[in-house]
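S.K.: Sequence:
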Amino acid sequence: MKIYIDADACPVKSICADVASNYGIRSVFICSVASHFALKGRWIETITVDQGFQSADLYIANRVKAGDIVITDDYGLACMALSRGCLALSFRGKEYTKHNIELLLMNRHVNYKARRAGKRPKGPKPLSAEERARFQKTLEKIIEKKEGDC
Numbered sequence: 000m001k002i003y004i005d006a007d008a009c010p011v012k013s014i015c016a017d018v019a020s021n022y023g024i025r026s027v028f029i030c031s032v033a034s035h036f037a038l039k040g041r042w043i044e045t046i047t048v049d050q051g052f053q054s055a056d057l058y059i060a061n062r063v064k065a066g067d068i069v070i071t072d073d074y075g076l077a078c079m080a081l082s083r084g085c086l087a088l089s090f091r092g093k094e095y096t097k098h099n100i101e102l103l104l105m106n107r108h109v110n111y112k113a114r115r116a117g118k119r120p121k122g123p124k125p126l127s128a129e130e131r132a133r134f135q136k137t138l139e140k141i142i143e144k145k146e147g148d149c
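Counting with numbering that gives the first Met the number 0, you get residues 0 to 149 for the letters of the sequence shown.
Hints are computed from structural coordinates only; laboratory data are not their basis. There could be a bad hint or two in this list.
[To be verified] Here are the simulated distance ranges between beta carbons:
{"no.": "1", "residue 1": "Gly66", "residue 2": "Asn99", "range": "19 to 29 Å"}
{"no.": "2", "residue 1": "Asp49", "residue 2": "Arg133", "range": "25 to 35 Å"}
{"no.": "3", "residue 1": "Arg41", "residue 2": "Asn99", "range": "32 to 42 Å"}
{"no.": "4", "residue 1": "Ala116", "residue 2": "Gly40", "range": "43 to 53 Å"}
{"no.": "5", "residue 1": "Gly117", "residue 2": "Gly84", "range": "18 to 28 Å"}
{"no.": "6", "residue 1": "Gln135", "residue 2": "Ala65", "range": "36 to 46 Å"}
[Claimed, not checked] Cut-off 27 Å, straight-line C-alpha distance, at most; resulting in silico cross-link-like pairs (DSS-like, lysine-lysine):
{"no.": "7", "residue 1": "Lys121", "residue 2": "Lys93"}
{"no.": "8", "residue 1": "Lys118", "residue 2": "Lys64"}
{"no.": "9", "residue 1": "Lys1", "residue 2": "Lys93"}
{"no.": "10", "residue 1": "Lys64", "residue 2": "Lys121"}
{"no.": "11", "residue 1": "Lys121", "residue 2": "Lys39"}
Each residue gets a CB set at the ideal place from its N, CA and C atoms; glycine is no exception.
Assemble the whole structure, with the sequences as input and the hints as a guide.
M.R.: Here's what the structure looks like:
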């Protein structure tokens, strides 16, 4: 099992690194050259991809295997991860499932159409301390469940 992190604009990188290190799981941070960052550790791998459209998402989608965990706020990437037998988790600690991904993708499409029509929906609020704690708790719960299944 690996944890793949869509690291462009990811506000929980340090939590991902800490949790992965605590459980001895390789964490792979994928970012574009525009948002390169430096996290170091025995269980941490950083991959830098081109700045092209969806480069980080495609890199992750092409490498994940069933049982891996994908951390992203991109519904399209979450859907691809689910279709490959992975678990997917948002930056706010919400687990993507086959039961909720279709509605999330539909909402993304509706928002896209609104933007094309000139409407500017609000972006996401910064993560609160409570949301960061929820993310960490959910990630740990997922890992413990997967380790128990092995």
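S.K.: With reference to the structure, classify each hint as holding or not holding.
M.R.: Consistency of the hints with the structure:
1. Gly66 to Asn99: 19 to 29 Å: Check passed, 20 Å falls within 19 to 29 Å.
2. Asp49 to Arg133: 25 to 35 Å: 33 Å, holds
3. Arg41 to Asn99: 32 to 42 Å: 34 Å, holds
4. Ala116 to Gly40: 43 to 53 Å: 45 Å, holds
5. Gly117 to Gly84: 18 to 28 Å: Since Gly117 and Gly84 have Cβ atoms about 40 Å apart, the given range 18 to 28 Å is violated.
6. Gln135 to Ala65: 36 to 46 Å: 24 Å, violated
7. Lys121 to Lys93: Status holds; Cα separation ~20 Å.
8. Lys118 to Lys64: With a Cα-Cα distance of about 38 Å, the restraint between Lys118 and Lys64 is violated, given a limit of 27 Å.
9. Lys1 to Lys93: Given that 27 Å is the threshold and the Cα spacing comes to 19 Å, the pair holds.
10. Lys64 to Lys121: The given pair, whose Cα atoms are some 34 Å apart, is violated under the 27 Å limit.
11. Lys121 to Lys39: 34 Å, violated
Hint compliance for this structure: hints 5, 6, 8, 10, 11 are broken, all remaining hints hold.
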